[in-house]
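Number of protein chains: 2
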Amino acid sequence: MKKTEILKKWVITEIEQGGLTNGAKLPAQRILAEMFNINRSTVQQALSELAEQELVCAKAGAGVFVTNAAWEIVQQKTPNWPMYIQQSFHLPNKRVIQRINELEQQPQMTRLGTGELAPELLAHEAVSQALKMLTIPASSLGYSSPQGDVKLRQLLVERLKKKGIHVTVDEIMIVSGTLQALQLYAMALLKRGDYVQCAESSYLQSIETFQSFGIHLVQQDILRELNNVEALYAIPTLNNPTGTVWNLAQRQRVLAKCAAAKLPIIEDDVYGELLFHDTLPPLKAMDQANQIIYLNSFSKTVSPGLRIGWVVGPREVIARMSDVKMQTDYGSSAISQLIAYELLQNGAYDAHIKQLRQQLQYRAQQIVEFLQREFSTLSTWQTPHGGFYIWLRFKQPIVTEQLFEHLASEGILINPGFIYNPHNRHHIRVSYAYASIAQITVSLGKLKAIITH
Amino acid sequence: MKKTEILKKWVITEIEQGGLTNGAKLPAQRILAEMFNINRSTVQQALSELAEQELVCAKAGAGVFVTNAAWEIVQQKTPNWPMYIQQSFHLPNKRVIQRINELEQQPQMTRLGTGELAPELLAHEAVSQALKMLTIPASSLGYSSPQGDVKLRQLLVERLKKKGIHVTVDEIMIVSGTLQALQLYAMALLKRGDYVQCAESSYLQSIETFQSFGIHLVQQDILRELNNVEALYAIPTLNNPTGTVWNLAQRQRVLAKCAAAKLPIIEDDVYGELLFHDTLPPLKAMDQANQIIYLNSFSKTVSPGLRIGWVVGPREVIARMSDVKMQTDYGSSAISQLIAYELLQNGAYDAHIKQLRQQLQYRAQQIVEFLQREFSTLSTWQTPHGGFYIWLRFKQPIVTEQLFEHLASEGILINPGFIYNPHNRHHIRVSYAYASIAQITVSLGKLKAIITH
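Here the protein sequences come in this chain order: A and B. When you line the first sequence up against our numbering, it's residues 1 to 453, in that order. When you line the second sequence up against our numbering, it's residues 1001 to 1453, in that order.
I should point out that these hints are in silico values taken from the structure, not numbers from a laboratory. There's no promise every hint is true.
Taking lysine to aspartate or glutamate and the EDC-like style, the derived pairs with C-alpha atoms no more than 20 Å apart in a straight line are [stated by the list, open to error]:
#	chain 1	residue 1	chain 2	residue 2
1	B	K1077	A	E316
2	A	K257	B	E1014
3	A	K77	A	E16
4	B	K1262	A	E72
5	A	K262	B	E1005
6	A	K448	A	E405
7	A	K59	A	E49
8	B	K1257	B	E1230
9	A	K191	B	E1208
10	B	K1262	A	E5
11	A	K77	B	E1230
12	B	K1395	B	E1374
13	B	K1163	B	D1350
14	A	K257	B	E1005
15	B	K1395	B	D1350
16	B	K1262	A	E14
17	B	K1257	A	E72
18	B	K1191	A	E72
19	B	K1162	B	D1350
Quick list of the computed label-pair ranges, beta carbon to beta carbon [what the hints assert, rightly or not]:
#	chain 1	residue 1	chain 2	residue 2	range
20	B	E1158	A	N37	52 to 60 Å
21	A	Q355	B	P1422	40 to 48 Å
22	A	K161	B	K1151	50 to 58 Å
23	A	Q17	B	G1164	22 to 30 Å
24	A	R253	B	F1036	24 to 32 Å
25	B	P1422	A	N37	41 to 49 Å
26	B	A1024	A	H423	46 to 54 Å
Chain A is nowhere near these chain B residues, computed Cβ spacing over 10 Å in every case [as the list claims (entries may be wrong)]:
#	residue
27	I1073
28	A1123
29	Q1220
30	L1248
31	R1357
32	E1369
33	T1380
34	L1403
35	H1406
Predicted, not measured: the structure shown is a model, and the values here were computed from it. Note that beta-carbon positions come from the ideal geometry of N, C-alpha and C, so glycine has one too.
Let the hints inform the model, and build the full structure from the sequences given.
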């Protein structure tokens, strides 16, 4: 130990243990030097370091005294948490997203853009019923196999066939929603410095899942240009936030382009069952080159609270992602997996989806009619083909953080376009899935009043 | 496009579309040069590049022919998945751990070291009962608040008081088990290059959760020396794998040391309720400096399949870890959280734990008696104070990968000491929680026969 440290440690210990109380006078420098067998300059150095920590102060001519706050300062042993947080690995949520999460907790807020089914649209009855019917095998309550419940995977194999996706149980894994699937993809198949292409306006930009791992996003419509990247992230059916649906020819074109480039495609199909009219095959159904990692979940159809999704891909990719998942959380909730199985197996899921589609379509029509009456001169939009969203484009670049905060202060929470593309100042994502028609139209009315004042 | 590429592309397209079938002869070099208006050397260069791809081959004097595998090679458009896997972010599980996961799927294997309750020890009856009693509020089926179900957190606040831990609901978050808590800690509070100290034999070494984020482990008993690290990971009650319990004086000493160093402590208390006799306060109950992140879960007491754990820590740390969790999986299963609440609230949890402790103690006694009869000359061990494990030390350094594989081929799966410390060749972790007494004693008998042959 350095000689100054010996004296400093003695002073601090004395303060701590009450030998030197707040305001007490220290022994003279000469005596301190004798006590520790150190020279006077070392004593002075130690005292000046203690003074910097505000533990002692010298009073001219009177000597050196313990400060009045010394005992409290010595007691402060809390680690420097802000520093740990600031320097750590994962990016925080974007400021606006954190703000949205915060405002969503306020019950009086009208959530105009929320990507979630309203409580009355969730499969509440079906889940409650399934719960009552469930018998839990004791084995299910243990740790899961790496890929998740095999009965659920077998059932998914059968259901995927109807979509034209022909796979075996070891080409499927169960995850806790597609967000987790994206994180697993980043950890299991990408490296720092990689580039991933996604749509010009993309859900992927609104989360920091890839970016935290040092992966860069290239936002450019794949139909226009395929960049030199390590993967493509796409929502071919009902893109979030734009609602865009690729037609069959576009799907084939994308697939051919990516096949030629041997490019992995992450196909996010969470809105795939919510098309109002036609059905379209997922890219995965046309995947000759084993290049597609297909993601789906119950979160946009049954209940996000279940936290159940699935990933379909080449055997070796599924094995790798399962290994990483086992190192992340030892698998998804067994009970949630049993409920998912029950709902798919007893027909409740299919009945629910059929009804949900109609309810969403009705809501969409109501909002479109309102927009036609009230927003035709201000903005443009596409009539939704399904899903939750209308991607409302204002002719003027008015969608700023100021507008966001102004609306929040009026009790209206929007999802501004710039969370999906940092340069966007024209769009908001209107969701007809969460707030009631009345809430949405009233809020849009207020919004109109504010921007046209 | 380079001139060679024009010719190559033509050849590949012709192969692909059947204009040039496998085994077909290419036009003469002179004709190819004329067709594409390129010179002979460019033609030769392009043909040699095509030959490297095994699409064509030259036969001396006869010309250049499409190979017999050409069409199949052209069709191969699968991305290079092995390369993506190999270069990616997360470390794979240790080879032995992967092997253990694999062997655990074989039903005839006796699992001598498994850190899991046997199906008959799980709270199967209580969980089944809770499920039948449950009413699910529709709001629970939506996305969770960042820290998890508030009713469950309120109940945990009350229960933690009995352990001497006094916190509020915003100092608790719900996670999907403590493994996830460790990953969140790494992502939310540590950075690449950081050091974390853990016990000489530690569970933390058997997983790659920290290491994947570039964090180094320092394995040294904190009671002997505190290193200059960014965090300490400890299981003060019933360390995994050694079963060690810190007494009260040791707890106070560790806390004082860490407080002086302002060092964050990750206290893993998953075995805390499984002491056979005395109870001991968690470090967190004595945490004056707000330096402890306390982890607990249902996985070792009720059911790992629920995937429910909780983290207790300073408000700012919980806010940070919750934000990262929301970016990882949007929260844990709502149904699992409701079941956890029900079990804690209706008394089933307490009744189960009381019974479980007795069952584990009975099993431990049986195995210790067997060891006394059969292993006294070969090895040493401590009588367990609780939990799942006996840390069996062989006098000779016999615990090698060869022994592991030899035993596996005999249907016996061990957890060798070297997964908890790479230098360990002396220990195996015997778990009396999973296999039956009969299976354990028969397997240990075989093990003895093998090592004494």
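Quick rundown of the hints versus the structure:
| no. | hint | result |
| --- | --- | --- |
| 1 | K1077(B) / E316(A) | holds, 16 Å |
| 2 | K257(A) / E1014(B) | holds, 18 Å |
| 3 | K77(A) / E16(A) | holds, 12 Å |
| 4 | K1262(B) / E72(A) | holds, 15 Å |
| 5 | K262(A) / E1005(B) | holds, 18 Å |
| 6 | K448(A) / E405(A) | holds, 15 Å |
| 7 | K59(A) / E49(A) | holds, 16 Å |
| 8 | K1257(B) / E1230(B) | holds, 14 Å |
| 9 | K191(A) / E1208(B) | holds, 17 Å |
| 10 | K1262(B) / E5(A) | holds, 17 Å |
| 11 | K77(A) / E1230(B) | holds, 14 Å |
| 12 | K1395(B) / E1374(B) | holds, 14 Å |
| 13 | K1163(B) / D1350(B) | holds, 14 Å |
| 14 | K257(A) / E1005(B) | holds, 18 Å |
| 15 | K1395(B) / D1350(B) | violated, 40 Å |
| 16 | K1262(B) / E14(A) | holds, 19 Å |
| 17 | K1257(B) / E72(A) | holds, 18 Å |
| 18 | K1191(B) / E72(A) | violated, 31 Å |
| 19 | K1162(B) / D1350(B) | holds, 13 Å |
| 20 | E1158(B) / N37(A): 52 to 60 Å | holds, 56 Å |
| 21 | Q355(A) / P1422(B): 40 to 48 Å | violated, 57 Å |
| 22 | K161(A) / K1151(B): 50 to 58 Å | violated, 41 Å |
| 23 | Q17(A) / G1164(B): 22 to 30 Å | holds, 24 Å |
| 24 | R253(A) / F1036(B): 24 to 32 Å | holds, 27 Å |
| 25 | P1422(B) / N37(A): 41 to 49 Å | holds, 45 Å |
| 26 | A1024(B) / H423(A): 46 to 54 Å | holds, 52 Å |
| 27 | I1073 | holds, 13 Å |
| 28 | A1123 | violated, 8 Å |
| 29 | Q1220 | holds, 20 Å |
| 30 | L1248 | holds, 20 Å |
| 31 | R1357 | holds, 19 Å |
| 32 | E1369 | holds, 27 Å |
| 33 | T1380 | holds, 30 Å |
| 34 | L1403 | holds, 25 Å |
| 35 | H1406 | holds, 25 Å |
Comparing the model with each earlier hint shows violations of hints 15, 18, 21, 22 and 28; every other hint is respected.
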